[in-house]
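Below, each chain spelled out in residue letters.
2 protein chains.
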Amino acid sequence: MPVFCRLYPSHGRDFPKNTKTEDSSHSWQFGVCCRTLHTGADRPEPSLAAAPDRLPFSRITQEDLAFFRKIVPGRAITDPDLLESSNVDWLKSVRGSSEVLLRPQTAEEVSQILKYCNSRNLAVTPQGGNTGLVGGSVPVYDEVILSTALMTNILTFDSISGILTCQAGCVLENLSLYLEERDYIMPLDLGAKGSCHIGGNVATNAGGLRLLRYGSLHGTVLGLEVVLADGKVLDCLATLRKDNTGYDLKQLFIGSEGTLGVITAVSVLCPRKPKSVNVVFLGCETFEHLLKTFQLCRGMLGEILSAYEFLDSECMQLLNMHLKLPNPISDCPFYVVIETSGSDPTHDGEKLHNFLEEAMTSSLVTDGTVATEDSKIKALWSMRERITEALTHDGFNYKYDISLPVERIYQLVTDMREHLGGRAKRVVGYGHVGDGNLHLNITSPAKDPALLAAIEPFIYEWTASCQGSISAEHGLGLKKRNYIYYSKPSQAVALMGNIKAMLDPKGILNPYKTLPDNLK
Amino acid sequence: MPVFCRLYPSHGRDFPKNTKTEDSSHSWQFGVCCRTLHTGADRPEPSLAAAPDRLPFSRITQEDLAFFRKIVPGRAITDPDLLESSNVDWLKSVRGSSEVLLRPQTAEEVSQILKYCNSRNLAVTPQGGNTGLVGGSVPVYDEVILSTALMTNILTFDSISGILTCQAGCVLENLSLYLEERDYIMPLDLGAKGSCHIGGNVATNAGGLRLLRYGSLHGTVLGLEVVLADGKVLDCLATLRKDNTGYDLKQLFIGSEGTLGVITAVSVLCPRKPKSVNVVFLGCETFEHLLKTFQLCRGMLGEILSAYEFLDSECMQLLNMHLKLPNPISDCPFYVVIETSGSDPTHDGEKLHNFLEEAMTSSLVTDGTVATEDSKIKALWSMRERITEALTHDGFNYKYDISLPVERIYQLVTDMREHLGGRAKRVVGYGHVGDGNLHLNITSPAKDPALLAAIEPFIYEWTASCQGSISAEHGLGLKKRNYIYYSKPSQAVALMGNIKAMLDPKGILNPYKTLPDNLK
Chain A
26 MPVFCRLYPS
36 HGRDFPKNTK
46 TEDSSHSWQF
56 GVCCRTLHTG
66 ADRPEPSLAA
76 APDRLPFSRI
86 TQEDLAFFRK
96 IVPGRAITDP
106 DLLESSNVDW
116 LKSVRGSSEV
126 LLRPQTAEEV
136 SQILKYCNSR
146 NLAVTPQGGN
156 TGLVGGSVPV
166 YDEVILSTAL
176 MTNILTFDSI
186 SGILTCQAGC
196 VLENLSLYLE
206 ERDYIMPLDL
216 GAKGSCHIGG
226 NVATNAGGLR
236 LLRYGSLHGT
246 VLGLEVVLAD
256 GKVLDCLATL
266 RKDNTGYDLK
276 QLFIGSEGTL
286 GVITAVSVLC
296 PRKPKSVNVV
306 FLGCETFEHL
316 LKTFQLCRGM
326 LGEILSAYEF
336 LDSECMQLLN
346 MHLKLPNPIS
356 DCPFYVVIET
366 SGSDPTHDGE
376 KLHNFLEEAM
386 TSSLVTDGTV
396 ATEDSKIKAL
406 WSMRERITEA
416 LTHDGFNYKY
426 DISLPVERIY
436 QLVTDMREHL
446 GGRAKRVVGY
456 GHVGDGNLHL
466 NITSPAKDPA
476 LLAAIEPFIY
486 EWTASCQGSI
496 SAEHGLGLKK
506 RNYIYYSKPS
516 QAVALMGNIK
526 AMLDPKGILN
536 PYKTLPDNLK
Chain B
26 MPVFCRLYPS
36 HGRDFPKNTK
46 TEDSSHSWQF
56 GVCCRTLHTG
66 ADRPEPSLAA
76 APDRLPFSRI
86 TQEDLAFFRK
96 IVPGRAITDP
106 DLLESSNVDW
116 LKSVRGSSEV
126 LLRPQTAEEV
136 SQILKYCNSR
146 NLAVTPQGGN
156 TGLVGGSVPV
166 YDEVILSTAL
176 MTNILTFDSI
186 SGILTCQAGC
196 VLENLSLYLE
206 ERDYIMPLDL
216 GAKGSCHIGG
226 NVATNAGGLR
236 LLRYGSLHGT
246 VLGLEVVLAD
256 GKVLDCLATL
266 RKDNTGYDLK
276 QLFIGSEGTL
286 GVITAVSVLC
296 PRKPKSVNVV
306 FLGCETFEHL
316 LKTFQLCRGM
326 LGEILSAYEF
336 LDSECMQLLN
346 MHLKLPNPIS
356 DCPFYVVIET
366 SGSDPTHDGE
376 KLHNFLEEAM
386 TSSLVTDGTV
396 ATEDSKIKAL
406 WSMRERITEA
416 LTHDGFNYKY
426 DISLPVERIY
436 QLVTDMREHL
446 GGRAKRVVGY
456 GHVGDGNLHL
466 NITSPAKDPA
476 LLAAIEPFIY
486 EWTASCQGSI
496 SAEHGLGLKK
506 RNYIYYSKPS
516 QAVALMGNIK
526 AMLDPKGILN
536 PYKTLPDNLK
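Sequence order for the protein chains is A and B. Residue numbering for the first sequence follows the working numbering, beginning at 26 and increasing consecutively. Residue numbering for the second sequence follows the working numbering, beginning at 26 and increasing consecutively.
Just so you know, the hints here were simulated from the structure itself, not pulled from any lab data. Any given hint could be a false lead.
You can't tell identical chains apart in this list, so a pair holds if it fits in one copy or across any two.
As the list claims (entries may be wrong) - Result set (SDA-like, lysine to any residue): computed pairs, CA atoms no more than 25 Å apart in a straight line:
(1) Lys317 / Asp183
(2) Lys257 / Ser490
(3) Lys317 / Pro296
(4) Lys140 / Leu405
(5) Lys403 / Ser355
(6) Lys317 / Ile185
(7) Lys298 / Leu316
(8) Lys257 / Asn507
(9) Lys317 / Gly522
(10) Lys450 / Leu90
(11) Lys531 / Ala517
(12) Lys349 / Asp440
(13) Lys298 / Glu383
(14) Lys317 / Thr86
(15) Lys317 / Thr386
(16) Lys140 / Asp255
(17) Lys401 / Val302
(18) Lys140 / Gln130
(19) Lys257 / Ala489
(20) Lys401 / Asn379
Bound conformation, chain A alone:
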């Protein structure tokens, strides 16, 4: 869960210009309109994650700008101050040097832009809310930035089926508010909801807080409108739950990080708004107990279980120390946040009571507290959601987003602690137990190449040995593209390359992202 995005002001307009902070694990500074990389002193050691050389795309000319100004009048931004926040990711870890930001309002405008860029061999970086964590939504060099920020129309909503269609630039939180007034909710919820765009959510196959209950976007997205690299508009914007007429093309674009096409509209199946929400904060003596508690609550809470998140005692210390958040229960090695949501408050309360009684009686859980009112629910959730914020106060962060068989997820934290010994300041684990998704963070007083070398490739090798994923929900973007082979066989990566070549033969769409360098 990218809860840290909550810290990020909308569109990041207040980022310091041309500076970088120390709280990023991998930072690059690329020159403006030059052929080679700037290699500032703070650039990390060359590694698999380093950016490749600029590919031979054309460079923006005055004629290009004139064309863009004709297509999107008043919405072709070249003012460096205005461009600044689109050139840098919200972690301030990746910075490009684009000279033009285009803000189309329609798929037709996107189509004209891409057709032109494809013919001119101009590279393009699609950008939604720019809340990604792997450098996928900002230019690496001077790519044209194509923003969905002005594509904010809700197109249709069917209150019988709960199917919403909207343009790609709708902010997730705005969609949630729109739906809640109509007794529905979005099937996904993220910390970044105040900034992220639904098009970006789909392009990155965002996970988040509701995945355990409502499943992934591969199941809930019913249709997409996508503009392909050559400007063709692919209309797969169905609003049907079932459609078995040929290959399900929209699936290709879900999670492709803008490298195969630009998503311009989305239709999505929305669940009914729950009438009752409860949150419980529990403590467990061991991770094994925490897993047994998960099993128990899947059985006893059944259809009303909507989140099962965990944090370890190191996380709790960070929350206490840096954010002055007191532990709501007694000290334990592990903590769990459980959320239920259902249609009947009495029934939900009874189920929860029975589950808690069983969990306490069987000693799976040593302490706990329950919240039913909004303010206490928020307070308990903050123990989970503000961990990343607390981490930023603990020094330099090395951040990992790992998917593992659920019974293995904490073993990686334990093994990493042992492996690093005294080299790390802190090794902390938290995440979505229900989804088998661990957020592993390692802190250090300052950036420490030797520590990084001890972490990687150890962490990727460990993950691969369990058939895990080195990116559960964050995607590969620029930062992790070359680690893909730890989670995918070369056969699969080669096929991805073929798909890319088929849909974007010139490679203009979001270059240097998702696919590894050696495919180029």
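Chain A is fixed; fit chain B onto it per the hints.
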């Protein structure tokens, strides 16, 4: 919902040899090893659905058979009696003339077979339980039949996460039984469960009874192992709920009807087994009331609603007349079958009681009955599930499987009745309201080309005018391949053709299926 498949004995071994029955809407008879079609008197008029000429694939030689016997010793079937049931679909509406049926046990064997067939330019028809309804799983000419029937191993089951991995030939019902012993269920259920294979379910993106609750296979299938046309084994058999490392390749194969690769193993996320199941049979005066009742029950039954199915009074008459099934309630224009499944029998009962009270008080529902015990549940379900059986006793059937915005689904039945006037014996509608999926059937005393000409393309044009799908869950197969343009724009179909050409350049996999003829 292909409930009619329940009528079909496992593997259809008792089909009469070389005969065709009259209960199929489109029938073809193709010659054995000849270059031109047999044009028997009962072959329908040439139409979009008719089979194309045989493509220039190689013909099986003795050397080929010798090779196959080496690869799958004792499992390369050439006895015409044994081949018979694999050459014909269960509706007995499409018959091929393959001379060899291969029954591999491993992905490696499938790989060797496909590598060989690709090099020899031999066409291959993958076949699971052969329960499809659109002629997708049988050869059209002399294609090699590649059956998954002997690939029946369950590979792993994780009782914490509920993730099952198994070979493609596992029969759905066997998987259900295996899981129920472990307190889980499969996320899909079909009438054909006693015969259909999980690999075939995934290859056809089967819908069925649980889709309303657990969503489509695009969400619940977590991994696939697929053998490509050239024999390469694509290992995407992840057992992770989240994995954002590159494009989600497995999605391409879900619903591609064996035209892009042969699925050899599947991993799937399984829900917990419900502790409580209730079924209600209700009557409504109008379809509008039926839709309002759907809205009401989505709100009041919420998370325990697991099916919302309907039938019209014409269906009820067929059930009474042909199967002697009495109406369990008083006569109404429309009937609804609602199923709940949950984790607490008392809570579920209370929710259902409250919903029924509200539905009756508000006059949305005029009569109803509830079942909580197994035998009565089965009896009520049979009112929905045995409609197709009843239809077969009513004459020649013209069958359609249409997806529409939920508020439009019965309008098509009404319009069709008006459009056909006295030309049809009966026009009946039933299906999955919750999924917007209508099964529209038209009966006639005998096959009637004039009637067919009145139905088609009217039904497809009507569906297209509502942005519906001409195949909600049955797929396109042989029978509907050329109607694809009613539901997909040419841009999308062209891209499907490019994907086919990329993955299967010689077109050996399940030729004449899914994609329209004019792409070849």
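A quick look at each hint next to the structure:
no., hint, verdict
1, Lys317 / Asp183, "between (41 Å within a copy, 13 Å between copies)"
2, Lys257 / Ser490, "between (42 Å within a copy, 23 Å between copies)"
3, Lys317 / Pro296, "between (29 Å within a copy, 17 Å between copies)"
4, Lys140 / Leu405, "neither (50 Å within a copy, 57 Å between copies)"
5, Lys403 / Ser355, "within (19 Å within a copy, 51 Å between copies)"
6, Lys317 / Ile185, "between (39 Å within a copy, 8 Å between copies)"
7, Lys298 / Leu316, "between (29 Å within a copy, 19 Å between copies)"
8, Lys257 / Asn507, "between (30 Å within a copy, 23 Å between copies)"
9, Lys317 / Gly522, "neither (42 Å within a copy, 49 Å between copies)"
10, Lys450 / Leu90, "neither (49 Å within a copy, 66 Å between copies)"
11, Lys531 / Ala517, "both (21 Å within a copy, 20 Å between copies)"
12, Lys349 / Asp440, "neither (29 Å within a copy, 67 Å between copies)"
13, Lys298 / Glu383, "between (29 Å within a copy, 20 Å between copies)"
14, Lys317 / Thr86, "neither (62 Å within a copy, 59 Å between copies)"
15, Lys317 / Thr386, "within (13 Å within a copy, 45 Å between copies)"
16, Lys140 / Asp255, "within (5 Å within a copy, 35 Å between copies)"
17, Lys401 / Val302, "within (12 Å within a copy, 35 Å between copies)"
18, Lys140 / Gln130, "within (16 Å within a copy, 49 Å between copies)"
19, Lys257 / Ala489, "between (38 Å within a copy, 22 Å between copies)"
20, Lys401 / Asn379, "within (21 Å within a copy, 30 Å between copies)"
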